[in-house]
Amino acid sequence: MIDFNHVTKVFNEDIKAVNDISFHVPEGNIVVFLGPSGCGKTTTLRMVNRLESITEGTISVNGNHVNDLNPIELRRNIGYVIQHNGLFPNMTIEQNVMAVPDLLGWDRKKKKDRFHYLMDLVGLNPDEFRKRYPHELSGGQQQRIGIIRAMAADPPVMLMDEPFGALDPIIRSHIQNEFLQIQEEVQKTILFVSHDIDEAIKMGDKVAIFRDGSLMQYDAPDEILAHPTNDFVRKFVGKDRALKSLSLHSVQDLVNEQSLMQASETGKHRKTVFIDTNLKDALSILLNQEAEQLVIQSEEKTIGALTIHDIETYLHEKIM
Amino acid sequence: MQELWNYMVDNQAQIWTYTLEHIQLVGLAVVIAIAIGVPLGIYLTTNDYLAETVLQMANVMITIPSIALFGIMIPILSLIDQGIGFVPAVIALILYSQLPIIRNTYVAIKNVDPHIRDAAKGIGMNTMQKLRKVEIPNALPVIMAGVRQAVIMNIGIGAIAAFIGAGGLGVLINQGISRSNTTMVLAGAIAISILAIAVDLLLGLFQKKMTPKGLE
Ligand SMILES: Nc1ncnc2c1ncn2[C@@H]1O[C@H](COP(=O)(O)OP(=O)(O)OP(=O)(O)O)[C@@H](O)[C@H]1O
Ligand SMILES: [Mg+2]
Chain A
1 MIDFNHVTKV
11 FNEDIKAVND
21 ISFHVPEGNI
31 VVFLGPSGCG
41 KTTTLRMVNR
51 LESITEGTIS
61 VNGNHVNDLN
71 PIELRRNIGY
81 VIQHNGLFPN
91 MTIEQNVMAV
101 PDLLGWDRKK
111 KKDRFHYLMD
121 LVGLNPDEFR
131 KRYPHELSGG
141 QQQRIGIIRA
151 MAADPPVMLM
161 DEPFGALDPI
171 IRSHIQNEFL
181 QIQEEVQKTI
191 LFVSHDIDEA
201 IKMGDKVAIF
211 RDGSLMQYDA
221 PDEILAHPTN
231 DFVRKFVGKD
241 RALKSLSLHS
251 VQDLVNEQSL
261 MQASETGKHR
271 KTVFIDTNLK
281 DALSILLNQE
291 AEQLVIQSEE
301 KTIGALTIHD
311 IETYLHEKIM
Chain B
1 MQELWNYMVD
11 NQAQIWTYTL
21 EHIQLVGLAV
31 VIAIAIGVPL
41 GIYLTTNDYL
51 AETVLQMANV
61 MITIPSIALF
71 GIMIPILSLI
81 DQGIGFVPAV
91 IALILYSQLP
101 IIRNTYVAIK
111 NVDPHIRDAA
121 KGIGMNTMQK
131 LRKVEIPNAL
141 PVIMAGVRQA
151 VIMNIGIGAI
161 AAFIGAGGLG
171 VLINQGISRS
181 NTTMVLAGAI
191 AISILAIAVD
201 LLLGLFQKKM
211 TPKGLE
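Just so you know, the protein sequences line up as chains A and B, in that order. Okay, so the first sequence: first residue is 1 according to full-length UniProt numbering, each after it adds one. Okay, so the second sequence: first residue is 1 according to full-length UniProt numbering, each after it adds one.
These are computed hints drawn from the structure, not numbers from a lab. Built from N, CA and C at the ideal position, the CB exists for glycine as well. A couple of the hints might just be wrong.
[As the list claims (entries may be wrong)] Simulated crosslink set (DSSO-like; lysine-lysine; CA at most 27 Å straight-line):
id, chain 1, residue 1, chain 2, residue 2
1, B, K209, A, K280
2, A, K239, A, K280
3, A, K131, B, K213
4, B, K213, A, K112
5, B, K130, A, K111
6, A, K109, B, K110
7, A, K202, A, K318
8, A, K131, B, K208
9, A, K244, A, K202
10, A, K280, A, K244
11, A, K110, B, K208
12, A, K239, B, K133
13, A, K110, B, K130
14, B, K208, A, K109
15, B, K130, A, K112
16, A, K111, B, K213
17, B, K133, A, K112
18, B, K133, A, K110
19, B, K209, A, K271
[Said to hold, decoys possible] Label-pair distances were calculated between CB atoms; the ranges are:
id, chain 1, residue 1, chain 2, residue 2, range
20, B, I64, A, H116, 54 to 64 Å
21, B, M128, A, E223, 44 to 54 Å
22, B, Q207, A, D276, 54 to 64 Å
23, A, H116, B, V87, 56 to 66 Å
24, A, D107, B, I72, 54 to 64 Å
25, A, S173, B, Q207, 56 to 66 Å
26, A, Y117, B, Q56, 34 to 44 Å
Same shape as in the complex, but just chain B (with noise of 0.2 Å):
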């Protein structure tokens, strides 16, 4: 335990760094994963049959484990010469956070009452305006739900990132293994924990915010 906490204080500057690395890779893969999500789960609600395939599709991907997927992704992003380091595990980031996003998305657009959605049509508004004002606030809370569970899933499975060299709090445990440093290895997993810890705190509040008033 001591050690531990020594290694962690020594250790300090080095720790930042991984953090920091991890929560650009998480970041910039939610972000993209909610342009690519949000809208294609609001289209589908005007599809039902194609919104069937595309959450099947999302629900296996959810299933593959991501060793195997950064296994499957190396060959195919070596044509571009990005076999391995940071793109590769955005674009799994990306695809895993997918599912809570577009079907948290879908199931709260889908969700919103008929009365209210026949009440924005009736009085005139059109699709993009029934959309932005009545629709999209009114599934916000459920949408943010969805967000927030892909975040924390991805600080976790980007732990594994490092594997193939994108860096992040997945390398401490990563080297600590190779080294057969336990120190190391829980210094990594604690690092990560704390992180998610704040990180669902953070969006806790903030969904809280973003929740419309008249929703709570």
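In isolation and in its complexed conformation, chain A is listed as follows (with noise of 0.2 Å):
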């Protein structure tokens, strides 16, 4: 969907922003783009969609090369969140998030039902919000809008810059699940700026890590935490991409490869975990809370049970 061929930034002549870079961008997949500050992500990123001219190499998206569009009609195909929201102050909330439909010259009863359906997606009631102003917002509330207002025409692709950069840790992961669910529905092709490692490992298909305007590596989460192809990038991913690389996998991930023991009758040493359970959060309660074992439920039934023996067999045996 979007190809990157040794592509190229250079400024004013002497910065190298980005350096030869190529990866495919497979349709309807979300690619992450991680790396300490600096290191040419919102570049690369505002290259794609021309507001940045390319030095060298070529970008297509849908197979055309985008310095063969015109980059008016570019943008207005390509949803942008730009890092800090960039919501027009001047406007009403109705108003930013129907701005690019109001460039298209969209009938009023379209844009109001587009209007409707937005903010029904992010949780926020049309009628309360459609006549405040950005700044009557709270900071999440302002993101919320920053991403729809770039889904508003329901482009195929979007830019997305840090959208959840300046939210507090519990609001991000409420925003982060959220936004996992519309793309479950709305299958975008979605090039996403983080500096969060587990930010990264959690929303991406595919993570790409830069390191000064060089792209590093180019995986799978799991594979990244799994094999970290230089010591940059086993560095900057942590010590703890074990643990990370637990949450990518489930109790059934488990169950399909190796066979559970009987769960015991009785005890005070068990807990209960549905199999849908992420591994990460089954080993923090065999820890957490001293069980020594888990109960493994399936649809309302007892399939087996669990120890941090099992967990670790499986960590060694599939994932690292």
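Two independent chains are provided; combine them into the complex using the hints.
Structure below.
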């Protein structure tokens, strides 16, 4: 869907912000750009909708080189969520959300319906917020508005620059989940900038790790955690990469590979969990609550029990 | 004091006529000044070098004493037979208005939050749409403040236009001086002050009304 082909960006003739990167983004995927500050994530993103020119190489969207497309039209077909939300302070929430449909000349009825649909999607009451102004919203509400503004004209591609940046961890995690749910439904192709490894693992179908403008590794999150290609990536993902990778696997995955032991009928050292629990949470329960075994429930039936030892075996044989 | 009051009551009709002339003079000058200054100020935001030159010129312009400016314009405008009267007065006022209007427009547009400008571009607005929907509305309070400043300044300078026969409340002062009639001079000065204060209040209300709700 989106192809980067030996893309380089040089600012002011000597600052190499992006250095010869190539990768392919499949349709319907979320690709997270990850890396320390100043490594070229935003610049890479902004070359896609031509907010920055491409110094060398090509970027194509749906087989068309972006440089061959009219930049105004290109931008209207790509949703863009900028770092720091960038809502227009002079416009109401409805005008903000409907900014692109306005440019495209949608009729009143269509805009109104779309506004309702989008507000419902992010759990904000359309009638309550319609006439409000951005400064009358909380940070989290503003970021949701920024996201649905980018989705307004239903673009197949979205660029999101640290869309959940300014949020506290609890709201952040909530909006991440909400967004993943929306993505299930809308299936957009998304480039998503983050500098938070946990966010990248959670949100990304693939993760692109940048360092000083170069692409260090481009892989699925579990692959990056299990097989970092070099020391930089290994350091960046952290010493606890084994633990992190457990969050990408569920009890179900383990059950598919290993046979469970019989759950003991009695004993207080047992806890019940559902089969879709991820292994990191399962392990935490075993550690925090001093349970010796987890009784696994699937569709109201007990299908067996799990110990720390089983998780360890799975980790070594299947993940790392 | 009593004398002044009597004078103003007795000459009510005349003072009204001068006031209307004054408003006409300043009003026309400011409308034209806005038509020139706002687009120019906006254009200058795209050309930093030119901006500096033009703002310098406008700065110098405002330091020329008004009497001297009228003096310079008389021979020039005499060429088209308009050496004195309404036309040179309007032109002088337009020139004086340029600094606050151009400068405020320029600064206001320049200072629109770059993130907002970027968002406008990023969602696919062209240059004109960006100006009309985002930059001008967000700059409006500051532009209006410049206009207000120009209007108040022009009400004062407009008094001097009476010396070249442009009419307005300055006539009272002008004639008062030549007849050594202090009461008349005072009446003129007071009328001008009242006009300035009233217009300032009105423009203040207008400015509030024009400010987009989200910026309050
Ligand atoms: N307009 C510009 N002119 C000159 N240099 C620039 C410009 N924009 C970015 N750079 C430089 O390019 C490099 C990459 O910047 P970029 O904004 O892409 O980083 P980033 O990975 O998004 O960082 P952050 O996480 O802090 O947002 C930096 O060294 C930056 O200073
Ligand atoms: Mg950035």
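How the hints compare with the structure:
A C-alpha spacing of about 57 Å is found between B/K209 and A/K280, which places the hinted pair above 27 Å, so the restraint is violated. A C-alpha spacing of about 15 Å is found between A/K239 and A/K280, which places the hinted pair at or below 27 Å, so the restraint holds. Taking the CA atoms of A/K131 and B/K213, the gap is near 10 Å; set against the 27 Å cutoff, the hint holds. Of the supplied pair hints, the one linking B/K213 and A/K112 holds, its CA atoms being roughly 21 Å apart against a limit of 27 Å.
Of the supplied pair hints, the one linking B/K130 and A/K111 holds, its CA atoms being roughly 20 Å apart against a limit of 27 Å. Proposed proximity of A/K109 and B/K110 is contradicted: the alpha carbons are some 36 Å apart, above 27 Å. For a cut-off of 27 Å, the pair hint linking A/K202 to A/K318 stands: about 19 Å separates their Cα positions. Our distance criterion of 27 Å between C-alpha atoms is met by A/K131 and B/K208, whose separation comes to about 19 Å.
Simply put, A/K244 and A/K202 have alpha-carbon atoms about 10 Å apart, close enough for the 27 Å limit, and the pair holds. For the proposed pair A/K280 and A/K244, the alpha carbon gap of about 7 Å is at most 27 Å, so the pair holds. At roughly 33 Å between alpha-carbon atoms, A/K110 and B/K208 are farther apart than 27 Å, so this suggested pair is violated. Of the pairs offered as hints, the one joining A/K239 and B/K133 is violated, with about 50 Å between alpha carbons and a cut-off of 27 Å exceeded.
At roughly 23 Å between alpha-carbon atoms, A/K110 and B/K130 fall within 27 Å of each other, so this suggested pair holds. For the suggested pair B/K208 and A/K109, the alpha carbons sit about 32 Å apart, so the restraint of at most 27 Å is broken. A hinted pair counts as satisfied when its Cα atoms are at most 27 Å apart, and B/K130 with A/K112 qualifies at roughly 23 Å. Between A/K111 and B/K213 the CA atoms are separated by roughly 22 Å; this keeps the pair inside 27 Å, and the hint holds.
For the given pair, B/K133 sits about 20 Å from A/K112 by alpha-carbon distance, which is consistent with the 27 Å threshold. Annotation: proposed proximity of B/K133 to A/K110 holds, straight-line Cα distance about 21 Å (limit 27 Å). As the CA atoms of B/K209 and A/K271 are separated by approximately 64 Å, the hinted pair breaks the 27 Å bound. Checked against the hint of 54 to 64 Å, the pair B/I64 and A/H116 passes, with Cβ atoms roughly 60 Å apart.
Here the CB-CB span from B/M128 to A/E223 is close to 48 Å, well matched to the stated 44 to 54 Å. Look at B/Q207 against A/D276: about 59 Å separates their beta carbons, and that is inside 54 to 64 Å. At roughly 58 Å, the beta carbons of A/H116 and B/V87 sit within the given window of 56 to 66 Å. The supplied range of 54 to 64 Å is met by A/D107 and B/I72, whose beta-carbon atoms lie about 58 Å from each other.
A/S173 and B/Q207 have their C-beta atoms about 45 Å apart, which leaves the hinted 56 to 66 Å range violated. For the hinted restraint 34 to 44 Å between A/Y117 and B/Q56, the CB-CB distance of approximately 54 Å leaves it violated.
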